[in-house]
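Engineer: One letter stands for each residue in the lines below.
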Amino acid sequence: MKVLSKAYNFLIFAFLYAPIAVMIFFSFNSTKSFRRFGGFSLRWYTELFHDQVILKSLYISLAVAALSAIIATLIGTLASVGIHSMRGAKKRAYLAVNNIPVTNPDIVTAISMMVLFVFFVTRMNGMEMGFGTLLISHITFNIPYVVLSVLPKLRGLNDNIFEAAQDLGCPPAKSFLKVVVPQISQGIVTGFIMAFTLSLDDFVISYFNSGSTAQTLPVTIYSMTKRPYSPKINALSTLLFVAVMVLLLIVNLRRSGEGKKEAKH
Amino acid sequence: MNRKSFTKRLITAPYTVWMAIFVLVPIALVVYYALTDADGHFTAGNVTAIVDYAKTFGISVELALISTAICLLMAYPLAYAIARMNTRRQSTMIMLVMLPMWMNFLIRTYAWIAILADKGLINAFLQSIGLDGFKMIGTRGAVVLGMVYNFLPYMILPIYTVLTKIEQSTIEAAQDLGASRAQVFRRVLLPMSVPGIISGITMVFVPAVSTFVISKLLGAGKTYLIGDIIENYFLGNTGTVNYNIGASLSLVLMLMILISMAIMNHFDKDESAGGMI
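Heads up: the protein sequence lines correspond to chains A and B, in order. Residues 1 to 265 in my numbering are what the first sequence lists, from first letter to last. Residues 1001 to 1277 in my numbering are what the second sequence lists, from first letter to last.
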């Protein structure tokens, strides 16, 4: 029974990692083939770093992820405090609207925003789909995730301390920063990281809302898959995979380090 | 007091305005486009045109349901095994489950083309041992495989989460009271893991039924899903742009998912209430 269970787990993980392994292996191929290994080479990595289209889209992806995560975290955190203090039907209405982008399929969120942009863009001369519309669409689908990670942290917070600080003469902005934020900082950080990664990973919403001037990395990858196969995608994926693995390892090591420190006290 | 409630309204204001303009207005526009023709006159034509796509809806739902069922069958035993490991190994295993999700799904799907293609790795292997290769890319099987591959972690994680909350002593208590392995599973584990199963099903079914990328890459344009049709009507890559029909199809897709989620949630409440008694 134990052996069977182990074999089963192994098979599932083999399934999850097979395509990734194939991709990494063939990124070092000296020929264009995805079938025969012609010998080890870093040819596709050098070509990757000379591909201006890929580099530009990587830059756009990072820029839109950082900007949208920052703006969504600001709007979402402030709103969470407001929503938290609401009661009854009003609160339910806010939460219901907050859930729309979360539950809707990506394609529906994407086309609904595209319709809005097209509707207004065609009525306002000189505006077109580009970085602006891309950023707006990313902020929009990021905000609800920030709210969802900040709200639970507020539940453990005394409702009156924000007002108590103000009664003691602290201006609202300062009492928010000094009293509320430190206590919900964990939720804010989680929300920010979630927003950043969701934005970096998104394809569908960017695909419909970026126009031709501001393509993110996934959109560029998608257009590469439609052209004749290029092993540059393999090299790029390998680098991204290694980056993520290193990042996760650092986070995990730090966490277990903290755990050890706590155990000592 | 007034000043304070004014402050509270002020901090929610950016959110209220943003969500109204970029979430509610767009949905209202989708409804508007779905119910009007190209000249802006009211028509029910787009809604009745959906009948032409009943078959596509059927295929999308069918493939998404098959993928969801396969994901559930594959995920449950693994989630259970992980939940029974010690804490240290649990976090390593969960990291291993999540790691592929950090790779963009386009890349992961694209990698399958290399494995399944006519001149791909599987066929090369079959031919090298003297067997005939067969066509995989462009079949419905390949699309289902792509869905299962991409969304399997979404099924594993919520089931794992509910299973870790079940105390080992609960299972032992059932065994002490004479329950067999099958009975423990059917009467204790399964009812207690319903919330996780439900969120797993939703998290797999919704992206699977609305995908257009997996069907494009692995279905090679032969397996058209409802997502492909919507994409075409809005971007017109291989046909004419028609926002009106596209909007009505999106509306139906949205309603279909809302209704099925409402049914699922209802089922969830019934089951967990039953499980408690």
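In short, the hints are calculated from the structure, not lab data. If you're wondering where the values come from, they're calculated on a predicted model, not measured in any experiment. The reader is advised that the hints may include incorrect statements.
[What the hints assert, rightly or not] Every beta carbon over 12 Å from chain A, so not counted as near; a handful from chain B, in silico:
id, residue
1, T1012
2, A1049
3, I1050
4, S1180
5, R1187
[Claimed, not checked] Heads up, simulated PhoX-like pairs for lysine-lysine below, C-alpha to C-alpha not over 20 Å straight-line:
id, chain 1, residue 1, chain 2, residue 2
6, A, K91, A, K153
7, B, K1119, A, K226
8, A, K32, A, K153
9, A, K32, B, K1119
10, B, K1119, A, K174
11, B, K1055, B, K1222
12, A, K91, B, K1008
[To be verified] Just so you have them, the derived chain B footprint on chain A, three or more residues with Cβ under 8 Å:
id, region
13, 79 to 88
14, 96 to 104
Even glycine gets a Cβ: it sits at the ideal position worked out from N, Cα and C.
Engineer: Could you run down the list of hints and mark each one as holding or not?
Structural biologist: These are the hints, each one checked on the structure:
1. A cut-off of 12 Å between C-beta atoms contradicts the statement that T1012 of chain B is not in contact with chain A; the least separation is 3 Å.
2. The claim that A1049 of chain B lies off the interface holds: its Cβ sits roughly 17 Å from the closest Cβ of chain A, which is beyond the 12 Å cut-off.
3. Once the 12 Å rule is applied to beta carbons, I1050 of chain B is consistent with being away from chain A; the minimum gap is 15 Å.
4. Distance check for S1180 of chain B against chain A: the nearest CB is about 14 Å away, which clears 12 Å, and the non-interface claim stands.
5. Distance check for R1187 of chain B against chain A: the nearest CB is about 20 Å away, which clears 12 Å, and the non-interface claim stands.
6. Between K91 of chain A and K153 of chain A the alpha-carbon distance is near 17 Å, which keeps this suggested pair within the 20 Å criterion.
7. Taking the CA atoms of K1119 of chain B and K226 of chain A, the gap is near 17 Å; set against the 20 Å cutoff, the hint holds.
8. With a C-alpha separation of about 52 Å, the suggested pairing of K32 of chain A with K153 of chain A is violated against the 20 Å cut-off.
9. Distance hint between K32 of chain A and K1119 of chain B is fulfilled; the C-alpha atoms sit about 13 Å from each other, no more than 20 Å.
10. Between the alpha carbons of K1119 of chain B and K174 of chain A the distance comes to roughly 65 Å, so the proposed pair goes past 20 Å and is violated.
11. Taking the CA atoms of K1055 of chain B and K1222 of chain B, the gap is near 14 Å; set against the 20 Å cutoff, the hint holds.
12. This hinted pair checks out: K91 of chain A and K1008 of chain B have alpha carbons roughly 13 Å apart, not beyond 20 Å.
13. For a cut-off of 8 Å, the count of residues in the region 79 to 88 of chain A with a CB near a CB of chain B stands at 5, and the three-residue condition holds.
14. Restraint check on the region 96 to 104 of chain A versus chain B: 6 residues with Cβ-Cβ distances below 8 Å, three needed, restraint holds.
Hint compliance for this structure: hints 1, 8, 10 are not met, and every other hint is.
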